[in-house]
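A.B. asks: Using the sequences and the hints, build the whole thing.
Each protein sequence line maps, in turn, to chains A and B.
Counting from 1, one number per residue, gives the positions in the first sequence under this note's numbering.
Counting from 1001, one number per residue, gives the positions in the second sequence under this note's numbering.
Worth double-checking, as some hints may not be accurate.
What the hints assert, rightly or not - Reference excerpt, derived from the structure (chain B facing chain A, CB under 10 Å, subset only):
| no. | residue |
| --- | --- |
| 1 | Gly1101 |
| 2 | Gly1288 |
| 3 | Gly1291 |
Quick caveat, the hints were computed from the structure, so don't treat them as lab data.
The beta carbon of each residue, even a glycine, is placed where N, CA and C say it ideally should be.
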Amino acid sequence: MTTTPVPGSAPHGPRPPRGRPLLRTSYAQHMGLLNTPGKRWSTLVLVIVGFCAPLLFTDDLLQVLTLGLFAAIGAIGLNLVTGYAGQVSLGHAFFIGLGAYTAAVVGGDTDGRLLGLGMPMYIWLPAAGLVTAAAGLLIGPLAVRLRGLYLAIVTLGVVFLGLHIFREASNLTGGPGVGRRAPDVELFGINASVSGGLPGLDWTRDQQLFVVALIFLIIFAVAARNIARSGVGRAFAAIRDRDVAAAVIGVDLAGYKLLAFALSSFYAGICGALYYTVVRVIEPTSFDLLLSVQFLAMVLIGGVSTISGSIMGALFITALGRMAIEIAHYVPFVSTSVTGGGLLNVFQLEGILYGLLIIGFLIAEPRGLYGIWIRVRNYWKGWPFSY
Amino acid sequence: MTTFAQAILSGTAQGAIYALLALGFVIIYKATHVISFAQPALMVCGGLFSYHFSAVLGWPFWPSLFIAILLGAALGMVIERLALRPMVGKPVFTLAIITIGVDVVLRVLANRYIGADSRALRYPGGGERYELLGLALSHRQVTIIAVTVITVVSLALFFRYAKAGLAVRATALDQETALAQGVRVGAMFALAWAIAGGLAAIAGTFIATGSGGIEQDTWIIALKALPAIIIGGLDSLQGAVIGGLLVGIVEQVTAVYQAAYLPFLGANFSLVAPYALMLLVLLIRPYGLFGTKEVERV
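C.D. replies: Listed below in structure tokens is the structure:
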């Protein structure tokens, strides 16, 4: 509309000059969300494919993908605190459990066997996030005083204490082995947890929940990406790279560490609340160390300090069980039954794949799936000079 | 009073096992700057080695224990060589996560061996009990304490007087300087892992002789060594022993008194009491009781 900016002159806002989409003339352009045509097109295609997915895939596959998308919200949260702010947390399972149970209590039936407040989704979802964020702030003082491995082991202790609380508070959680029902995903009078809930469409529960998951993931992923590229994200990165140096240049260490834990816990709470609407039953003993390790694996295999990596990692790890079953069809010595013969059953295969993938990725490609993507991209970006 | 003293005595026996595990963690940490989350798997595998030789092949108890220690040490060295040596110099957190991966893989294999039932090892001393001033201690508990004392003392002597022990200490102080002085730092890493694997095997064997034997979720026990090393301080050997004993005692005392005095904490609170103690200690002393404060420059 106005005159074309002269390259190399003062910053001209978030858009690069016309016809030269890769030229950067300002920090804002450099930090833009979708600052190359490639990113714009690929994101558009991904979103379109995503929204078409309910029509393309079968229900059981959709359910796996839905779980992956919801888990991605939690993985993004863990990446904010562990990847961006560098505060190692093994306590993610506790926060996810807290979110799941807060949602179940606030949104649960008022006349059921267990305590329930019967609130609608627009109350229980934020409540799950806020209660969990508050719990994250309680862990905060420890995080402010401790660093590195001490913090990792303390957060591991939080998982065990949390597990104990979930087991004992059986009037809230249903107790071990029983658990309680997760609330329905029902917003604006549309219930996505019942088949045919969307008016005018004859969709199954899995198809509807997939769309819900996709929408929530987009909202939370964009929010996280914006946090990461703002001043808060830069403060996190400064603390991660050298906390003493960050303090010297004026970053409020205590404040930002608390903020990182609160944000991460908020994401974990939302993840827990939504994830278990797919699983349906929330069993108290499922929030153990293994769950924390799974989320760490998502972050590490996906790519530390990347939002898109967290999503890839979450989808990959969630689909691992399904992949183990598929592999079992082709590999002769793996049996698909729990008790059956063979060298290994699928669950054991899945466990071994986990471990080996974590070791393999950390040794061979520390930047994870995102790093692989970057290498592929750079090869073609520089082609034919890709040496 | 007798109840209290009895709780402390039983706690010491249990704590001795934690102390062995904690020593393994600390030795690996000091020599290689890695927190090994693979210790639970090493403990379970060590216990299973003993079980296999003693219960399946019919060997006597002590030779099986000896073989289990050697196999545990070998397993530790293999892990170090395959999974951790390629990563020397990488961030500590990355290394810790690799050991989690190792732990997951090993435990799947161990669980495959354990199966559905518990693998209990028959202890040669039987159920014999010693009584003194109204306090009772079983033959097994006495042996655990004795074995732990012997192990700790010989380790202390090894680090103090043996040439290899000095080399490990030099490595712990500064790896590159040690290398420049002609210490084979890689071999010292392997040695540290071997010691930790052997200690884990001793702990695993004595856990296998306990009432529950080794089951699929026995590995959780080894994680209680983590509060022990945090309470004692990550880089302190005597801290690990004291922390381990403290964790065992706190666990027993809580088990005896908590139901009567603090019932709102719920059943089986004693199992998580070590973690609560760890949080309390850290709020007051961020580097544990005996840990050295990290001095950092920008």
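A.B. asks: A closest beta-carbon separation below 10 Å is what the hint needs, so does Gly1291 (chain B) meet it against chain A?
C.D. replies: holds, 9 Å
A.B. asks: Quick check on Gly1101 (chain B) please, does its C-beta sit within 10 Å of some C-beta on chain A?
C.D. replies: Cβ of Gly1101 (chain B) sits 4 Å from chain A, so the hint holds.
A.B. asks: Against chain A, run the beta carbon of Gly1288 (chain B) and see if the smallest gap drops under 10 Å.
C.D. replies: holds, 8 Å
In summary, this structure violates none of the numbered hints.
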